[in-house]
Amino acid sequence: MNRESILNTIKRNKPLFKELPEIIVENFKKGNDLLESFIKNVEATGGKVVFANNKNDVTLYLKNRFKDFDNIISLSEGIDITTINPDKISSAKELDKLELAILDAQFGVAENGAVWISDKNTYHRSIPFIALHLVLILLDEEIVENMNEAYERLASFNEGYGVFISGPSKTADIEQSLVIGAQGPLSATIILIK
Amino acid sequence: MIDHPQAAKIFNEDVERVNWHDKSLWVVRQKRDKVASEVKGWETLRSLASGIKAHTLSNLDEYLIQFENQAIKNGAKVHWAENAEEHNKIVFEILNEHNAKNVVKSKSMLTEECGLNHYLEKKGIDIVDTDLGERIVQLAKEPPSHIVMPAIHKKREEIDELFHQHLNTELSGGDEVYLTREARKHLRQKFLDADGAITGVNFAVAETGTIVVCTNEGNADMGVHSTKLHIACMGIEKIIPSQKHLGIFLRLLARSATGQPITSYSSHFRSPQKGNKFHIIIVDNGRSKHLGRPDFRSSLHCIRCGACMNTCPVYRRSGGHSYNATIPGPIGSIVSPGFDLNKYSSLPFASSLCGSCADICPVKIDIHDQLYKWRQVLTEKIHKNRFKSFVMFIAGFIFARPSTYRLSGKLANISLRFLPKSIIDNLIKGWTRERMLPEVPQSSFEGWYKKNRKT
Amino acid sequence: MTVGLFIPCYVNQFYPEVAIASLELLEKQGLKVEYPINQTCCGQPMANSGFENFAKKTYELFVKNFYHYDYIVSPSGSCVYHVKEHFDIVDQTDEVTHVRSGIYEISEFLVKILKKENFNSYFPHRVGLHQSCHGLRGLNLGKPSEIIGEEYSVTKKLLNNVKGIEIVLLEREDECCGFGGTFAVAEEAVSVKMGIDRINDHINQNVEVITATDMSCLMHLEGIIRKRNLPIKVKHLVEIINNTM
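Residue numbers (this note's numbering), protein chains in the order written: chain A, 1 to 194; chain B, 1 to 455; chain C, 1 to 245.
Derived from the structure by calculation, the hints contain no laboratory data.
Just to be clear, a hint being listed does not mean it is correct.
Straight-line distance between alpha carbons at most 25 Å, and here's what the computed SDA-like set of lysine to any residue pairs gives [to be verified]:
1) K101/B x F157/A
2) K143/C x G259/B
3) K115/C x E34/C
4) K48/A x K31/B
5) K77/B x E159/A
6) K84/C x Q376/B
7) K450/B x K64/C
8) K289/B x K244/B
9) K244/B x F157/A
10) K14/A x V377/B
11) K233/C x K289/B
12) K18/A x D61/B
13) K34/B x S177/A
14) K14/A x A84/B
15) K88/A x S271/B
16) K143/C x G41/B
17) K77/B x N117/B
18) K40/B x S177/A
19) K40/B x E36/A
20) K143/C x W26/B
21) K93/A x G447/B
22) K194/A x S91/A
23) K30/A x E43/B
24) K289/B x T9/A
25) K97/A x D195/B
26) K56/C x V377/B
27) K55/A x L186/A
28) K64/C x G447/B
29) K244/B x K194/A
30) K40/A x K289/B
31) K40/A x L178/A
32) K31/B x E43/A
33) K364/B x E150/C
34) K34/B x L178/A
35) K18/A x D366/B
36) K156/C x E173/C
Quick caveat: nothing in here was measured; it's all calculated off a predicted structure.
Work the whole structure out from these sequences, hints included.
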């Protein structure tokens, strides 16, 4: 009833058909150094960028940096520092005390320092949000210049969930003063693997 | 009921505060300028966004049907609400079905428009706004004053006092880090205790049945992933045809809204997590009617960035509350009269028609033109100010006839020079309280021309 | 080339020097300039207040007075904008169409039609340019600060060629002065606040003279300046350009 009424009013009131404009993605290309731009923009969001040669390096780095943490989930193959039994997790409540989450990111976007993750990178969607600190692993050649190119890359995306993450969570709701760390992670680190 | 000019007058009584409010928003405008200039083809993006929205509106029913089919295939349940009451009822029914009594909500101007919080609270549901700015105004029992920065009108000391009262924080002089950390603890508990999450929708993709929600705080995701029930509320105009169009809109949205290249999180919800429920409510509430207004329908392009508010010299100096509308500022002034011509009759006049809003709008809504057009509609439909009507008629009469114009000009010239200031002041006190009238020359230009040029 | 000079009603009454400067400047270029004696108003005050229907007869009189000139020139961006954009509610006869397309704000006319930017002007003062909104955004006299693109400005081109002038950069290059027609009285508090803020921007940069393409803006700013006895003056752009040694 609501549905029919709404659709009928729309049919009656909609304007004359207008063509969909064409998007020419190459026209937006700046052609600047992707890595340089990506790093600059991650840092501008309050995120951190670290370089590593391989996953062993990453493991060593994380063990050192987060040595006082005992509540860790790593979903990145080759970085085996998980301390929680994943089979025990079926809800966010069990993840409340999660201090560190390590996930693989599929690609990054240079213009804004964002990385894309989806269901295939995590077994519970709250993991990258509920953790106190977030680490994302990215291959340094998997960077596109802008969001138009990002969506070209996502053309066949058909999973149930995906998210562009750019930096840690933040807010400026108190007199426009930026605070890093709002409801999501307090820090976000991108580890770029050559 | 207080109108915009009266509310603005009160707002301007505190000069320090107006300056602070104006400066805060101007800074956001400057941030936007900086990041927009870093994009190659920014003006092209605007044109494309406008064109995509115009196309979508011209085919809206088809796209809504396509969206619904896809969403259902993805495992979502789709509802349609003709108006605010229907929307609220549907939300409550879904919550009731799931025995959900503790609900968390991320930012949604649509739910604000429908008065959802108030409705649910009366039904015994605890509903918590989880965006920090929204939480602040919720605790203060005020409406948001800006669609992106709901608490922009609040000073840190006021927030400090508010949190001290409601969250038992220590008095900190408004230390934003301390207050944000405390809010995090408070909201974390709300997320964990919640049994339902409500979100808004920034974009709904017809091609895939996906909804996209953008936040900086991560509160939409925290809410949705902490509970088993996700209710997403969207206006019919949130539809875009294809996923690739997100590339255009996401490049424009955060830059226009806060001066960031993108928000911390741009979440794409397509199917619920295993065992969870996902409901989408498609809401009309006057939008399909507005679609039938050729002069005003393009306001449905709006992606709720708030850039028009940040750039508007009037909004910055009167504050969102002076508009008394769910959505204030320039966009609010062209959308609200469509809902209630009487209630919002002062809004299209709350503008000097400078045109900055239309230039900054990422979807190229001709806001300043629509303000002008609404004025024509209002004077026709609302004859409140009969005196103004009469004066304008006389003015029209005078200006249409050269002889009467010349005579009245002479009279005006003479009267300003010889009549007592008090009489003139009473007639035009709205000018002379704060401004001197222009000095009257010996002769008008016409007089000079006749003497010096005309043979 | 014949030129009809359109002078806004309040300029005719209160600022004849602006009209005189406009006339003289155009005459100096060897043009045949006339001021149709039966002109009245462009109709903006009524139309912007929502009474455009009451302005129709005024529009018709305007066209009657001006259609036989090759160009119509006016020292008022807002009036020119109004004729160009809002005379669409009367019958679009050949005369109406000609007037709408042939009307120019004076700085635009000088630079774009006469293709001249230097008039041997002399004005040895610190000048702040107030970029009146209708001229700037409505007539594209310059690139507004919120538009992303290459800088350009017809008015700055003219001012840059004035000998002795020092053009001062402002904190906010193109914020509205707050006049807005009846807005000035209907929203008095905000209008005055906007005006004060503009003036302070100029004063903070030690501007001596505020100039603009619209006397309406300057009338509003001057009104505040004189009320508060502030140490700054206003002068229409055309007076500066027409001023020689």
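Okay, the hints, checked on the actual structure:
Restraint check for K101/B and F157/A: the C-alpha separation of about 35 Å exceeds 25 Å, so the hint is violated. Taking the CA atoms of K143/C and G259/B, the gap is near 20 Å; set against the 25 Å cutoff, the hint holds. The straight-line distance between the Cα atoms of K115/C and E34/C is roughly 21 Å, inside the 25 Å bound, and the hint therefore holds. Distance check on the hinted pair: K48/A and K31/B sit about 22 Å apart at the alpha-carbon level, within 25 Å; holds.
Distance check on the hinted pair: K77/B and E159/A sit about 17 Å apart at the alpha-carbon level, within 25 Å; holds. Between K84/C and Q376/B, the direct Cα distance comes to roughly 18 Å. Compliance with the 25 Å bound is thereby established for this hinted pair. A threshold of 25 Å between alpha carbons decides the hint, and for K450/B with K64/C the separation of about 20 Å falls inside it, so the pair holds. Between K289/B and K244/B the CA atoms are separated by roughly 29 Å; this puts the pair beyond 25 Å, and the hint is violated.
A distance of roughly 11 Å separates the Cα atoms of K244/B and F157/A; the hinted pair therefore holds under the 25 Å criterion. For the given pair, K14/A sits about 21 Å from V377/B by alpha-carbon distance, which is consistent with the 25 Å threshold. The suggested pairing of K233/C with K289/B is violated, with an alpha-carbon distance near 51 Å, which exceeds 25 Å. Between K18/A and D61/B, the direct Cα distance comes to roughly 14 Å. Compliance with the 25 Å bound is thereby established for this hinted pair.
Restraint check: the Cα-Cα separation between K34/B and S177/A comes to about 18 Å, which is no more than 25 Å; the hinted pair holds. Between K14/A and A84/B the alpha-carbon distance is near 22 Å, which keeps this suggested pair within the 25 Å criterion. At most 25 Å may separate the alpha-carbon atoms for a hinted pair to count; K88/A and S271/B meet this at roughly 23 Å. Taking the CA atoms of K143/C and G41/B, the gap is about 16 Å. The hint holds against a cut of 25 Å.
This hinted pair checks out: K77/B and N117/B have alpha carbons roughly 22 Å apart, not beyond 25 Å. Using a Cα cut-off of 25 Å, the hinted pair K40/B and S177/A is violated, with the two alpha carbons roughly 29 Å apart. Between K40/B and E36/A the alpha-carbon distance is near 17 Å, which keeps this suggested pair within the 25 Å criterion. The suggested pairing of K143/C with W26/B holds, with an alpha-carbon distance near 19 Å, which does not exceed 25 Å.
A hinted pair counts as satisfied when its Cα atoms are at most 25 Å apart, and K93/A with G447/B does not qualify at roughly 85 Å. As the CA atoms of K194/A and S91/A are separated by approximately 35 Å, the hinted pair breaks the 25 Å bound. For the hint linking K30/A to E43/B, the alpha-carbon distance of about 15 Å falls within 25 Å, and the restraint holds. Simply put, K289/B and T9/A have alpha-carbon atoms about 7 Å apart, close enough for the 25 Å limit, and the pair holds.
A C-alpha spacing of about 19 Å is found between K97/A and D195/B, which places the hinted pair at or below 25 Å, so the restraint holds. With a C-alpha separation of about 16 Å, the suggested pair K56/C and V377/B falls inside the 25 Å cut-off, and the hint holds. Between K55/A and L186/A, the direct Cα distance comes to roughly 24 Å. Compliance with the 25 Å bound is thereby established for this hinted pair. Between K64/C and G447/B the alpha-carbon distance is near 22 Å, which keeps this suggested pair within the 25 Å criterion.
A threshold of 25 Å between alpha carbons decides the hint, and for K244/B with K194/A the separation of about 29 Å lies outside it, so the pair is violated. The straight-line distance between the Cα atoms of K40/A and K289/B is roughly 46 Å, outside the 25 Å bound, and the hint therefore fails. A hinted pair counts as satisfied when its Cα atoms are at most 25 Å apart, and K40/A with L178/A qualifies at roughly 18 Å. The straight-line distance between the Cα atoms of K31/B and E43/A is roughly 17 Å, inside the 25 Å bound, and the hint therefore holds.
About 19 Å separates the Cα atoms of K364/B and E150/C, which keeps this hinted pair within 25 Å; it holds. At roughly 18 Å between alpha-carbon atoms, K34/B and L178/A fall within 25 Å of each other, so this suggested pair holds. Distance restraint check for K18/A and D366/B: the Cα-Cα separation of roughly 18 Å lies within the 25 Å cut-off, and the hinted pair is therefore satisfied. Restraint check: the Cα-Cα separation between K156/C and E173/C comes to about 12 Å, which is no more than 25 Å; the hinted pair holds.
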